[in-house]
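Residue numbers for the sequence shown, in the numbering used here: 27 to 233.
Simulated from the structure, these hints should not be mistaken for lab results. Please note: incorrect hints may appear among the correct ones.
Ranges of calculated distance between the beta carbons of each label pair, as one might list FRET restraints [as the list claims (entries may be wrong)]:
(1) V165 to K108: 37 to 47 Å
(2) V148 to S215: 40 to 50 Å
(3) R216 to T90: 29 to 39 Å
Where a beta carbon is used, it is the ideal one built from N, C-alpha and C, also for glycine.
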Amino acid sequence: MIAMSITLVVLVAASALLAGSFNIRGREDQRTAALADAQRALNTMSREIANSGFGLTGNGIVTTDSTTSAIRFRANLNALDKQITSNSVADPNEDVRYSLYSDATNSYIMRLDVNTGAQTTVLANRVDSLRFYYFADKVNYTNGTCAITLPSGVAEVTDKRNAKYIVIVVCVELQQQGAPGSPGYQPPSRVQLVSDITLRNADLYNY
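Please construct the entire structure, taking both the sequences and the accompanying hints into account.
Here it is, written out as structure tokens:
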């Protein structure tokens with residue numbers, strides 16, 4: 027009887043440890059997939075936005091369609107190729123908008139290519155927030171919670187046509203694993219990713 031009781035205690039403890047390890051493993055798998063997805067999206071956005079204004083007279087940002095949660099920009103990527111469309115921004119990838127789409131069940135970064143019949147592409151899901159900051163010059167900042175904190179006296183440009191430096195902040199939401207109080211319970215959390223972008227075509231003399 028004593029031996030059976032000890033065996034039951036050991037089995038219960040082993041089951042709890044196993045359940046806890048599954049929760050921890052599930053969280054790490056979720057974290058790896060979500061962060062890799064978000065980092066790829068951040069890299070794509072950074073690369074394309076950096077080319078904003080190429081072949082144009084301004085920085086390429088469409089001010090009427092660029093906000094704290096979305097950015098639209100243009101670039102004449104074939105301006106030097108002497109093609110029929112080299113004098114206009116009419117080709118694919120030359121007029122692009124990035125934004126965060128959210129509803130009751132989904133939240134993801136969406137890429138809209140205006141010149142391809144408004145074709146959309148999902149770059150990353152499980153993204154909790156997307157924030158764009160527009161500055162006239164490079165700035166120093168500290169990371170906050172799905173945001174950045176600027177030093178005293180530093181502010182964003184009021185006219186986005188004057189922006190030369192953009193900071194993107196992406197927050198990835200990790201769902202809870204297990205139930206509160208259960209072995210290995212992993213509470214919901216957020217992870218922040220940041221990218222700094224110099225608009226190389228906005229200030230060619232000093233780039």
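We went through each hint and held it up to the structure:
| no. | hint | in the structure |
| --- | --- | --- |
| 1 | V165 to K108: 37 to 47 Å | holds (39 Å) |
| 2 | V148 to S215: 40 to 50 Å | violated (23 Å) |
| 3 | R216 to T90: 29 to 39 Å | holds (31 Å) |
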